[in-house]
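Enquirer: Listed below, chain by chain, are the residues.
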Amino acid sequence: MKELKTQTLHEYFECLTIKPMRQTELVALLNEITIGETCFFRSQPQLDAMRTIIIPKVLVAKAKFPLRRLRIWSAGCSTGEEPYTLSMLPLEEAARRLKDWTIEILATDLNERSLAHAKNAIYGSYSTRNLTPYYRQKYFMAVGEQLQVQPAARNSITFSRLNLSDDARMTFMKSLDVVFCCNVLIYFDLVSKRRVIQHFYNNLLPHGYLFLRHSESLYGVNDDFRLVHLPGATAYIKGERTQAGKQDT
Amino acid sequence: MNTAATKATLLNRIEGLYQIPTIPAVLSPLLRYLQKPVEELDVQKVTAMIAQDKSLAAQCLQMANSPLFGRWQKVDSLRGAVIGLGFHRVGDIAMSCGVLNMMHKDCGGIDPVAFWEHSLGCALVCRHFARKISYPDPSKAYLAGLLHDLGIIVDLWVLPKEFSAAFKVARSEGIPLHEAEQKVLGFTHCESGSLLAEKWELPPDLREVVSLHHNLQQSREHAGLVAVVELSDLLCRLSGLNYGYIENRQVNLLKQTGFAVLSQQCAGLKDFDWARLTFELDSYMDEVHSLVRAIYRT
Chain F
1 MKELKTQTLH
11 EYFECLTIKP
21 MRQTELVALL
31 NEITIGETCF
41 FRSQPQLDAM
51 RTIIIPKVLV
61 AKAKFPLRRL
71 RIWSAGCSTG
81 EEPYTLSMLP
91 LEEAARRLKD
101 WTIEILATDL
111 NERSLAHAKN
121 AIYGSYSTRN
131 LTPYYRQKYF
141 MAVGEQLQVQ
151 PAARNSITFS
161 RLNLSDDARM
171 TFMKSLDVVF
181 CCNVLIYFDL
191 VSKRRVIQHF
201 YNNLLPHGYL
211 FLRHSESLYG
221 VNDDFRLVHL
231 PGATAYIKGE
241 RTQAGKQDT
Chain S
1 MNTAATKATL
11 LNRIEGLYQI
21 PTIPAVLSPL
31 LRYLQKPVEE
41 LDVQKVTAMI
51 AQDKSLAAQC
61 LQMANSPLFG
71 RWQKVDSLRG
81 AVIGLGFHRV
91 GDIAMSCGVL
101 NMMHKDCGGI
111 DPVAFWEHSL
121 GCALVCRHFA
131 RKISYPDPSK
141 AYLAGLLHDL
151 GIIVDLWVLP
161 KEFSAAFKVA
171 RSEGIPLHEA
181 EQKVLGFTHC
191 ESGSLLAEKW
201 ELPPDLREVV
211 SLHHNLQQSR
221 EHAGLVAVVE
231 LSDLLCRLSG
241 LNYGYIENRQ
251 VNLLKQTGFA
261 VLSQQCAGLK
271 DFDWARLTFE
281 LDSYMDEVHS
291 LVRAIYRT
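Those sequence lines, one after another, are chains F and S.
Mapping of the first sequence onto the numbering used here: residues 1 to 249, in sequence order.
Mapping of the second sequence onto the numbering used here: residues 1 to 298, in sequence order.
Since the hints were made in silico from the structure, they are not lab data.
Please note: incorrect hints may appear among the correct ones.
Calculated pairs, SDA-like style, for lysine to any residue (alpha carbon to alpha carbon, straight line, at most 25 Å) [as the list claims (entries may be wrong)]:
1) Lys270(S) <-> Tyr245(S)
2) Lys57(F) <-> Lys270(S)
3) Lys270(S) <-> Asp223(F)
4) Lys270(S) <-> Ile237(F)
5) Lys199(S) <-> Leu34(S)
6) Lys168(S) <-> His289(S)
7) Lys57(F) <-> Asn242(S)
8) Lys2(F) <-> Pro20(F)
9) Lys270(S) <-> Gln256(S)
10) Lys62(F) <-> Val251(S)
11) Lys168(S) <-> Thr24(F)
12) Lys168(S) <-> Thr52(F)
13) Lys99(F) <-> Arg249(S)
14) Lys238(F) <-> Ala260(S)
15) Lys2(F) <-> Glu14(F)
16) Lys5(F) <-> Thr24(F)
Pulled out of the complex, with its shape left as it was, chain F reads as follows (with noise of 0.2 Å):
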C-alpha cells in the first residue's frame, strides 16, 4: 500500500480489481503472503512409503502400460525442496526397479519468487536441515555456505507458475500418478478446496495416490478419495465406483 501510495484498504483493492496494473499488483501481492516453510526430507514416513510400498504398487499397476513413466506432481511446491526430495528417491531405485522408466516431476506454485528460488535450487542450512551426510554428499555441491542441488536431481523437473484455483489449467495435468498437496489447501476456502481436490482425483491415474499434510484431512471435502494407512502416514487413493454410482468401500 505504502508502494502505491493508496491511503486505505478500499483504494487498494481498487488497485488490486479495477486499475490496469491489477495482475502486476496481485501477483505482487501473492507472492508477499504466500511464502511456505518447508525443507528437504520434510516428512519421511511419506517419503518412506512412497519409495518402499507407492512406487512398487504404480509399478505393478502400470506393467501393461506401454509407456515406462512415473509422473508425480508437487503442487505449492514452494521453494523448491519439495520437488527436489521428490525426484531423489526414484533416482535411489533407477538402477533397480525403475531402471528404464521416464520420471516426470511437475512442481508448480502460485508464488512468482519462491519459483525463482526453487529453480535457483540454493538453500541454507535451515532447508538443509534433514539431510542426511549420504544425500547431502550424493545430490548436492557446496556453493559457498549454501548448498545447491546436482543436475542429477533437478532434470526431472519442470517449474511452472499454477494457480490451483484456475480450472482452465488444472484440466491439463492429466495422468498423474501421485500427487503431493501438502500446506497447500489451508489457503482455500470449502468451495476452492473441493474443486482443487476434485481436479487432483479427475487427472489422477486410477491407481493414483494424493498425498496432504500430516495433519490435513479430506472430512466433509471430498467422498470421492478412500483414506489409506501406511507406516506412520496416511494417503488417499481414488475410489472404486459402483453402477448405483455409490463407491465401494
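We have chain F already, so just place chain S on it with the hints.
Expert: Only chain S this time, still in chain F's reference frame:
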C-alpha cells in the same frame, strides 16, 4: 522344525504357566470393588487398597499426572488422584500399571518397552475411538485394548527364545507379528493369551478380545468390542505405537472386518473422520513413550 510338534510342546509349556506372574494381589479386589455403583464407593477405601502395594502406588501416581489421563494439574497423593480423576479412571490406571509390571524385563534381545507402549497406546486409542463412535462402554474398550496382547506377555515368559525368533522374522520382513508367529511357532499370541485369560477367569468379552482380535470373523457374542480393538490395534501398529518395527503395507480401514461389524452397531461410524482420529492418535505418542519409559525406570 516340525511345526505341529513344536506347537504342541510350546502350548504344553504355556499351559503349565508356572513362571508367569499373576496380577498384583491388590488389583483383583480393587477392580471388584470398583464394579459397585459410584455412590457406594469410598475414596479412602480405594486409596488404601492401592497403597498396599507401594511400587504400584508410586506408578499410579506417575500415570495420574500424565496428560493422557486428563489431569493437567499436579496430583501429589493417591487420594488427590481418586478425587481429581474419578474412581474408574484410577481403576484403569491401576490395571495399566499392573499389566505393565507383568512384562518380563529380560526378553532375549527384544525391548519389552515397545510392547508396553503398544498395550497402553492401544488402550487409550480404544477408549478414544469408542467415545467417538458412541460405543456404549469406553471404559471396557480401554481394558480390552490394554489386555488384548496378553499372549505376548505369556510368550515372553514361557518361550522367550522361540518368540524372539518369530519377532525377528516379523521385523525383518515387515509383516504383522501374528503372521510371523504362525509361520515360526505354528500358533499366535491369541492362542497363548487365551490360555492365560481362561486361567485368570477374565470375563467372556475380554477373553474373546484376547483370543480373536486377529480373527474377528469367528467372534460371535462380543464382536463389537473385538472390532474396536482390531481397528485400534491396527492403527497403533501402523503408527509410532507399534511393537518397535514398521509393518510395510497399506491398509484401508474401511475394508477391515472390524469396520463392517461396527458399522452395523455404531451409528457414529457412518460419518467418521478417520484421518482426524489418526492425527489425534499421533498426539498421544510422545506422552505414551515418555510415560512408559519413566515407569520402566522406577
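Enquirer: Please go over all the hints and tell whether each is borne out by the structure.
Expert: Structure-based check of all given hints:
| no. | hint | verdict |
| --- | --- | --- |
| 1 | Lys270(S) <-> Tyr245(S) | violated, 32 Å |
| 2 | Lys57(F) <-> Lys270(S) | violated, 29 Å |
| 3 | Lys270(S) <-> Asp223(F) | holds, 13 Å |
| 4 | Lys270(S) <-> Ile237(F) | holds, 19 Å |
| 5 | Lys199(S) <-> Leu34(S) | holds, 22 Å |
| 6 | Lys168(S) <-> His289(S) | holds, 22 Å |
| 7 | Lys57(F) <-> Asn242(S) | holds, 24 Å |
| 8 | Lys2(F) <-> Pro20(F) | holds, 18 Å |
| 9 | Lys270(S) <-> Gln256(S) | holds, 14 Å |
| 10 | Lys62(F) <-> Val251(S) | holds, 21 Å |
| 11 | Lys168(S) <-> Thr24(F) | violated, 61 Å |
| 12 | Lys168(S) <-> Thr52(F) | holds, 20 Å |
| 13 | Lys99(F) <-> Arg249(S) | holds, 23 Å |
| 14 | Lys238(F) <-> Ala260(S) | holds, 20 Å |
| 15 | Lys2(F) <-> Glu14(F) | holds, 15 Å |
| 16 | Lys5(F) <-> Thr24(F) | holds, 16 Å |
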